[in-house]
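Q: Sequence:
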Amino acid sequence: MKRSRHQRYDVFKSELVKKAQFSPIFELPQLEPVHFKPAHAIPFEKIYSKATSKNWLHFYTHDHIFECVWNNPKRYLPIFKRIAGVITPDFSVYREMPLAMQIWNTYRNRALAFWLQREGVPIIPNVRWGDERTYAFAFEGLPKGGTVAVSTNGLLRNKQYREYFKQGLAVMIETLQPQTIVNYSRMTDDIFGPYRNDGPELIEVPYYAFSVRKEAA
Numbered sequence: 001m002k003r004s005r006h007q008r009y010d011v012f013k014s015e016l017v018k019k020a021q022f023s024p025i026f027e028l029p030q031l032e033p034v035h036f037k038p039a040h041a042i043p044f045e046k047i048y049s050k051a052t053s054k055n056w057l058h059f060y061t062h063d064h065i066f067e068c069v070w071n072n073p074k075r076y077l078p079i080f081k082r083i084a085g086v087i088t089p090d091f092s093v094y095r096e097m098p099l100a101m102q103i104w105n106t107y108r109n110r111a112l113a114f115w116l117q118r119e120g121v122p123i124i125p126n127v128r129w130g131d132e133r134t135y136a137f138a139f140e141g142l143p144k145g146g147t148v149a150v151s152t153n154g155l156l157r158n159k160q161y162r163e164y165f166k167q168g169l170a171v172m173i174e175t176l177q178p179q180t181i182v183n184y185s186r187m188t189d190d191i192f193g194p195y196r197n198d199g200p201e202l203i204e205v206p207y208y209a210f211s212v213r214k215e216a217a
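Letter by letter, the sequence shown follows residues 1 to 217 in full-length UniProt numbering.
One thing to keep in mind: the hints can contain errors.
[Unchecked claim] Here are the computed distance ranges between Cβ atoms for each label pair:
| id | residue 1 | residue 2 | range |
| --- | --- | --- | --- |
| 1 | Gly120 | Tyr48 | 16 to 24 Å |
| 2 | Asn197 | Glu15 | 24 to 32 Å |
| 3 | Asp10 | Leu156 | 34 to 42 Å |
| 4 | Cys68 | Tyr195 | 32 to 40 Å |
| 5 | Glu204 | Phe22 | 31 to 39 Å |
| 6 | Pro24 | Gly145 | 13 to 21 Å |
| 7 | His64 | His40 | 36 to 44 Å |
It should be emphasised that the hints constitute simulated quantities derived from the structure, not laboratory data.
Even glycine gets a Cβ: it sits at the ideal position worked out from N, Cα and C.
Turn these sequences into a full structure, and let the hints steer you where they fit.
A: Shown next as structure tokens:
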């Protein structure tokens, strides 16, 4: 069937959010709650060499590596359907970016997450925030009471980054009341300690390179 002009030039990827319900303020596509508990995950750049039905996939890597998924998501759908599931995309929300760009990247993360869920791919919603300005939109449209994913990858060596993450984590837990939090990389006590005995279930998914070294040992 010949595609319409709108379909050929859909630069805003409106097809990704077809049939979506949108949140009331920032109009982010709303996701359904999930309850998955992955033990490990591979980065997107390993999707062709390491993807199996036992592996989850994550996007906690450089944005330019997975920009291709936004540009042509249908190209990757067959392989997404062959793996265990996807921790949804993580386009960066840097505090140094204009707030408009942080909102746009949050929308892109959420639009791809909705599309994957609509297409029947098992997902875990990735949650990303920056400073307190982002709290207004970072958690909007996400389901309460299910499983969500976060990542401490790349921030543990910086005291300021750790503090921003720690503050946002507390707001996220209060807002979404997740049953389970999946964290890619280390779950240090100064950040996650307050929730270990009284809070959501915490699951640490080890950094991919560390997992490979451990398996080879």
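Q: Would you pick out the hints that fail for this structure and give their numbers low to high?
A: Structure breaks hints 2 and 7.
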